[in-house]
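S.K.: For the record, the sequence lines run as chains A and B. So the first sequence is numbered by our numbering: it starts at 1 and just counts up by one. So the second sequence is numbered by our numbering: it starts at 1 and just counts up by one.
Mimicking PhoX-like on lysine-lysine, the simulated pairs with C-alpha atoms at most 20 Å apart in a straight line are:
#1 Lys280(B) x Lys265(B)
#2 Lys161(A) x Lys173(A)
#3 Lys125(A) x Lys81(B)
#4 Lys280(B) x Lys182(A)
#5 Lys125(A) x Lys182(A)
#6 Lys89(A) x Lys76(A)
No wet-lab data here; the hints were simulated from the structure.
Single-letter residue listing:
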Amino acid sequence: MGDFAMKGLVRAILEGDCAAAASQAEQLLHSGASTNQIVVNGVEAAMSALDAKCTLQEFNLLEIMLAGRAVTEVMKLLYPAGAPRTDTKGTVVVASLEGDVHDLGKNIVRMVLTGDGYRVVDCGKDCSLAKLIETAEREAPLAVGISGLITSIVPQVRQVKDLLTGRGLNRVKVLAGGAALKQSSPARLNVDFVAESAFDTLHYLEGIAGARNE
Amino acid sequence: MNSLERIAATVQFRNADRVPVIAQVFAHAAKLAGVRVDDYVRDGETLARCQLSALKQYGYDAVFSVMDVNVETEALGSVLKYRQDRYPVVEQYALSGTSDFSALEIPDCRRAGRCGEMLKALCTLRSELGNEVLVVGCVMGPFTLATQLLGMEAALYLAIDAPSRLECLMDFAAEVVVRFGQAQLEAGAHLVLVFDPSASPAVVPPQFFREFELPRLRRVFQALAGSGALASWLHIAGPSGAILPYYPAAGANLACFDYCVAATKARDRLPATCLTGNLKPMTFVEGSPADIEAEGRTLLGDFRDRGGFILSSGCEIPPESAPENVAALVKAARGDR
Chain A
1 MGDFAMKGLV
11 RAILEGDCAA
21 AASQAEQLLH
31 SGASTNQIVV
41 NGVEAAMSAL
51 DAKCTLQEFN
61 LLEIMLAGRA
71 VTEVMKLLYP
81 AGAPRTDTKG
91 TVVVASLEGD
101 VHDLGKNIVR
111 MVLTGDGYRV
121 VDCGKDCSLA
131 KLIETAEREA
141 PLAVGISGLI
151 TSIVPQVRQV
161 KDLLTGRGLN
171 RVKVLAGGAA
181 LKQSSPARLN
191 VDFVAESAFD
201 TLHYLEGIAG
211 ARNE
Chain B
1 MNSLERIAAT
11 VQFRNADRVP
21 VIAQVFAHAA
31 KLAGVRVDDY
41 VRDGETLARC
51 QLSALKQYGY
61 DAVFSVMDVN
71 VETEALGSVL
81 KYRQDRYPVV
91 EQYALSGTSD
101 FSALEIPDCR
111 RAGRCGEMLK
121 ALCTLRSELG
131 NEVLVVGCVM
141 GPFTLATQLL
151 GMEAALYLAI
161 DAPSRLECLM
171 DFAAEVVVRF
181 GQAQLEAGAH
191 LVLVFDPSAS
201 PAVVPPQFFR
211 EFELPRLRRV
221 FQALAGSGAL
231 ASWLHIAGPS
241 GAILPYYPAA
251 GANLACFDYC
261 VAATKARDRL
271 PATCLTGNLK
281 PMTFVEGSPA
291 DIEAEGRTLL
301 GDFRDRGGFI
311 LSSGCEIPPE
321 SAPENVAALV
331 KAARGDR
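One chain only, chain A, in its complex shape (with noise of 0.2 Å):
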């Protein structure tokens, strides 16, 4: 029963179908499964399933937007406000900055990293610069994640990495991406990685936890 139900929940997160998705978690946790086997072997095995399509490029933002909607649905059931999850991979800090209020693809990682198991501390768009040099003092994340659709952004872009250098946070890396940053590279925008989708980020930051836990 455990075993169907958990892959009715990959099933139910991969075809976007919010409603199914809640219902198989409930099953499961009547049933006795543990918040942890249901976000491992459920959750982020979807999320799984969903990044090897993306590596295929059979990938598109409709679909992973229901997706993350199925999780978000989820994760609301597992993680009622006010318990909030404490045993994650680590956080990243993300955020469009002054001048961009595009956010969707932003949001995309979000729900893609949350998915996995990163805590994420989502500074909004049209952030300052300062506003997200402070979040990232205050959070002590592994990375910070900025998502841009406007090349006009690319200035700000440049200065964050030497920003967190000047307030010590030498080892917070720094990712960039979305529709206009990503035809840049890392050298010009002086950042540590530029992702071509969410899930380049995820793979990403799996080699930073692996490199930091060696």
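Following the hints, complete the assembly by docking chain B onto the known chain A.
M.R.: Showing chain B alone in chain A's frame:
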């Protein structure tokens, strides 16, 4: 041959004196003229003056009356935020997922919002340029307009949760697009670019494009062609490879392809459609004239034996691009006789 004749011949795969070059210069024209972008997108005379000045500087083959992606949604009641020297953004969408779409009324596409200013720009551009240079208007694709009326997330969820309601909204959007496009042709546009970024496979699956957007694009292009448009130009940025084969059925005979689609793939999938592309927009900001010329020459080589090609960027040339890079694009085409 003048610019208009050159483009008309190329779209029909007839011989031209050289490959035409269309730089997708929109607000970059404002930057060149020292005009704030928020002024450029609100005043038709200013827009036309900046476009004419940029044409004089660069000598490419087309000018655009393109403000931003929010002209139609503003005309339909969305509230925009105008920011200094930037494109405006939607602050409050006109509709929500629970709105009654069947009660929507077509706005006066000659006066509502900034429509009148856009038509004024076209009128000025055409009276200044006559039939020497291509004058291009612009409308949103039906699905893109739907996303601009509801917000992207709400529109995508509606596609799954209540597809018939989304179709109702897209039918309305297609009608608005036709009326606005026809008004642009009457005002002086030689053709109307249908800009449809939300229909990109990066956003929705190819099946969605085929079932939802294609029939409505067909309606739009048929109506615009019937109103005298010189060509039917579809512009979908991003990884459009999977939907290219549907373009002829939509009625498009001129199509953009972005930097992430290989020229060979675009050629193979659209053998009888005039193509325009596909330099990476960021190269106009970060690259050098030598980079642009080299990439331009490669593209010209890719299409030399086929024809039906207009040299351009894959999407808008960013406003802050280096002028010498835009000049290098034109030089690449002009040097390829």
